[in-house]
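With the hints as a guide, bring the two chains together.
Those sequence lines, one after another, are chains A and B. In terms of this note's numbering, the first sequence has 25 at position 25, counting the first letter as 1, and numbering is strictly consecutive. In terms of this note's numbering, the second sequence has 1256 at position 256, counting the first letter as 1, and numbering is strictly consecutive.
Treat the hints loosely; a few may be bogus.
[As the list claims (entries may be wrong)] Chain B stretches covered by chain A per the calculated footprint, using a threshold of three residues with CB under 8 Å from any CB of chain A:
{"#": "1", "region": "1197-1208"}
{"#": "2", "region": "1429-1437"}
{"#": "3", "region": "1440-1451"}
[Said to hold, decoys possible] Taking lysine to aspartate or glutamate and the DMTMM-like style, the derived pairs with C-alpha atoms no more than 20 Å apart in a straight line are:
{"#": "4", "chain 1": "A", "residue 1": "Lys-118", "chain 2": "B", "residue 2": "Glu-1456"}
{"#": "5", "chain 1": "A", "residue 1": "Lys-95", "chain 2": "B", "residue 2": "Glu-1456"}
{"#": "6", "chain 1": "B", "residue 1": "Lys-1335", "chain 2": "B", "residue 2": "Asp-1417"}
{"#": "7", "chain 1": "A", "residue 1": "Lys-22", "chain 2": "A", "residue 2": "Glu-45"}
Hint data in this document are derived by calculation from the structure and do not stem from the laboratory. A quick note: this is a predicted structure, and the numbers were derived from the prediction, not measured. Just so it is clear, CB atoms sit at the ideal spot from N, CA and C, and this is done for glycine as well.
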Amino acid sequence: MNTQLVPLILRDNLRLPLLEIKDLHAGIDGNEILKGINLKIGPGEIHAIMGRNGSGKTTAANVIMGHPDFEVAEGDVILEGESLLEMESWERARKGVFLSFQYPQAVPGLQVGNFLRKSVASIRGEEEAKGAAFREKLTMAMESLDIPRTFMSRYVNDGFSGGEKKRFEILQMMLLSPRLAVLDETDSGLDIDGIRTVSEGVNAAIRGTDSGALIITHYSRILEHVQPDMVHVLLDGKIVSSGGPELATKLEERGYEWLKQE
Amino acid sequence: MEENSDARGAVGEYKAGWHDPENSTIRFDFGLSEEVVREISRLKNEPQWMTEIRVKAFKHFIQRPMPTWGNMSMLEEIDFDNICYFLRSSDSTKNDWDDVPDDIRNTFERLGIPEAEQKWLSGVSAQYESETVYHSIREDLERQGVIFLDMDSGLSEYPEIVKKWFCSVVPYSDNKFSALNTAVWSGGSFIYVPEGVHVEMPVQAYFRINAKNMGQFERTLIIADKGSSIHYVEGCTAPTYSTDSLHSAVVELIALPGSHIRYSTIQNWSSNVYNLVTKRGIAHEKAKIEWVDGNIGSKLTMKYPAVILKGEGSHAEVISVAYSGEGQHQDAGAKIHHLASNTTSKILSKSISKNGGRGSYRGMVTVSPKANNCKLNVVCDALILDEGSRSDTYPTMEVANPTARCEHEASVSKVSDEQLFYLMSRGHTEEESLAMIVNGFFEPFTRELPMEYAVELNQLMALEMEGSIG
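The following block holds chain B by itself, in its conformation from the complex (with noise of 0.2 Å):
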């Protein structure tokens, strides 16, 4: 095959760095050394000080012990040397649905991503296993100077503003799994709004697994200027093997005074994937940052979106949703820093648990004795489907100063017999009228979603509730 030779002058005296499988040109074996890490900066041209903070990340990496909280039994069934942290299936970003290879395009057509694209998109990102493999911006947006691209290119492209922010707000020695994503993050969407502009629709970014034993360390970097605004929408799947993959994002916002970004997940990847992802973001003055994040899928997930409130006057919100399934544990939440006056953040947290699975929301404000008048509050609701499912809440809130006004709020429910006996007396199934509780009862989350996500998003759960009486 032609591809793979090109590949093998690529990775060079690398040893059996590759293999030949279905439908990758470059794959390297399982498991991480340094030698991996500068291969990968290699391979993508990256300068130099690039690949400095990828070997530091690596060291750091290596020493650094697992967390010593969350799901600690999970954690360490994650074989690391068993992982494949690097496979390039398409030879380079294609913009032009008809340019991306065959068996890569049937993917994200049966998800529908180009459709998506054409109807109510202002931009869209699809990468498949470690590198985007299909990028478009509308042409206006461009004009405008907005900068949407895959992390890959907006390195080689805009060295000094990504030099200037990255790791900026997550340093790579943040936690294990930040340090893992600096030091073989590979793919994700770097974005620059100029000073004052507006995107009314949102872009999208789409995040698939394909093969086994995969490891995906896509970063994202996300700068919003002086009074501009955007919302970006990432979803992500993985098809269900026998074997664990591995997610590890990293993504980092900067909202520049005046500015707003809002950044919606839906994550849904395969119960056999590992989801440990970081994500921060830095508000200016009177700047807003948004995380609106959906988990619905994956075995293990520990993420919590956090804001760091750096500007007089900024606002943090966090609304989450969770559900957990047979075999799944959804440690999600959200960290809130007041390091400035006047500033106001709103956590809403939801988890469903249901067959044996289990939500935590993990939760964490604080205020600094600097900063004056601010106003925090804290949801958490927790709606638990069956017996054997669990859910707990671990919210820490450290407030050094007397001027903030805290409000927290949190309920553990069950879904009643007399509910459900309700409903059902309306001509709806036992499945039905769960799915309409379930619904119902992340109604705040998704009423804040895109219309098409929020039907995506009730469909979905109206599928997992099928089945599911006994």
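Chain A on its own, in the form it takes in the complex (with noise of 0.2 Å):
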């Protein structure tokens, strides 16, 4: 990118929402999920969703990416001003999205050294993809992880632990810097050594850049680490309340009947 443009488009974005979804209706095989759903997540913003087992929170993370699954019958979901719902999954991760998945998929054969590089090359460019700058970076978000070198010549996931399968998540959200990050349940089955190690990846590439994270999260944990600037509650496919990282830890004290009570 020319370096004397880089501040105009900066300047320009922050007047929009990184992400904006609005009155988004949306499930799965003619069933309403998600039930109108309005959001805005700001350029360098990390903002939390939590929601109890079927309150929708993977539905919206599949919307987000394009899931061919999900149909959308209502409303917008808008990267910097751009509608992604016409966009194919793979469009949708050129613009900058990245989702972590919450079951992340084998591919037996493919080896992690060259699906990194490929995605790299599809996602940044062919440049990024090649040489030293490539190398140094792939080394250091590996060290940071404790991901060891032999991991690059193993295949995609395939024989993973849960815990291997959330860090090489992260290691790809690394390498792809998107504009925003998704990341759907991926402090499920870790443990507290891997949350942080995660949660530092996670602060790593967001916080003090103009991209933005939507953690997506049953538990409060990932939150100590990762500071959220809004945390959203979803309840049977609606925000039901919003507030500062103060409402996580309200949760884990009360639980989601409080919520539902009042």
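Written as structure tokens, this is what we have:
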């Protein structure tokens, strides 16, 4: 990118939310799961969506990334002023949307190193996937996530432990430097050390940049390490409460029932 | 044309035995008869014994019914009377690219053969239609006594060796197509590696069918003497015509004690070629034979690379992949016979079917009663890319010795939407994602290939995935 142009673009983007979800109604197989969601994430912000199983958290993640099985009945999902809904998921990825999967898929025979290079080439451009700069970035990211070198010749998510899968998702996020990172239950199945490592990865990728993140989670543990700017509570397909990080603490103490009663 | 009048003289009284097409100097009429068989032999100045074998094989071919298994309806479509059994495009085998006729040289240059030769091959052979048009081998190997010739030259220069081994592994009566090949064979490779010599870089043969309704019947014989080793690689292509061509090769490998033969194939015939090939090797004590066999093209392939483990402690491996697209049936597999004790074998078969294509694994492993402590391992995996495609597995194991250890695994899988979505979320289009899954599936095979072939195969599969998303 031309360095002289960067400040102009940044200033321009500051006026727009990074991500805007407007009155989103979406579901699968004819069942409406999300029943009118509104959300705005500004550049540099980290938001969290909390909710119990079945509240629609994963549906939100899939709709943002463009999973073909999910249908949007109403509303819009807008990244930096541009609607994502007509785009294929690979186009969204190239626009800077990243999803850390709850259940990353195994691709036997596809080597991690090869896959990372190809993904960086697709999303960041051929230049960034080549040479010493790429190797350096890769080495640093791997070290920060405690991923050994031997990882590179393994097959994508094939025979990975739960923790390895989550670390690998965050490794991809760090290399792809997304505009918007959506983390779907990245903390589930991780021990305390794993959560800390992954959180450091998220902080490193988002804090101090003009990118943003949406952390979808069941528990508040990850939010102790990644301090969100906003917390939203999803219940039966609707955001029933929004607030600062203190909302997460309250939820932890009182449970979701408390919100239902209000 | 000067060449053609020479050819007329050579063919003699054979009635209208040749045509005058664009680039062949001798072309036989369509159809097969004892006269055609004798004429091919005469034209090549072969010894009497070879003529006799050809004629016997021809008689067997006529009597022998079509196989009653495999894709019988496709086999019945072969019109043996509408195939040209011999076509000579070049007067003689050249060992300098500049001497190869222009049009043929252009074809092979487009395929990258001369370039590959300089970079990473010990020797190269290029066959166009019925005969080898170019041949070379590195001088250091020649000095060590390695013989690498086209089969016709092998027969005329080393008749005793050929006579000793020809048909010793695959008798002409083995099957209808081995009989046909023995009757009309032309071209192919003849290799002898002397005792203790290791040929470090692979030798390569490239087979090209260029004419319509052509039959290519190359014959390959590889003998690895005690303690020697060689890696032979073959590639095959043909242009697409509206009418079918027939490729029916026979390959015989003899691995003498302690030797190692690896035979790799990337078969990418066009989708109108019948590819009916018999490949078999005999492994003596502590010898090792590996078939690395990739089938991407052709209309119907029936090919089951085989190893007879004759000597104690010998080892066989057959690693194969098959891709079946629209209108294609890849009926491939492996055969291994454990005749001696402490022999081991491994079969890995991977098949992908797409757009209504059909892939079949047909395998047979036997252990004879006298063979103690044999180990055999068979894995076949199939990947089906869409609803109309098909995959079948016909595994047979006949184990007559209770000390054998047998392992067999089979799996059939489909590309899941979740897998595709995962890859697409990383910026890869649906076609690119599919190619990643497919190439990953083939990876255990691809990693066995020389680098250049592995890259070529990956690109080939990426091309096959293009335009496949509806």
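Against the structure, the hints come out as follows:
1. 1197-1208: violated (count 0)
2. 1429-1437: n = 6 at 8 Å, threshold three: holds.
3. 1440-1451: holds (count 5)
4. A:Lys-118 x B:Glu-1456: holds, 18 Å
5. A:Lys-95 x B:Glu-1456: violated, 31 Å
6. B:Lys-1335 x B:Asp-1417: violated, 36 Å
7. A:Lys-22 x A:Glu-45: With Cα atoms ~18 Å apart, Lys-22 (chain A) and Glu-45 (chain A) stay inside 20 Å; holds.
The structure fails to meet hints 1, 5 and 6 from the earlier list, while all remaining hints are met.
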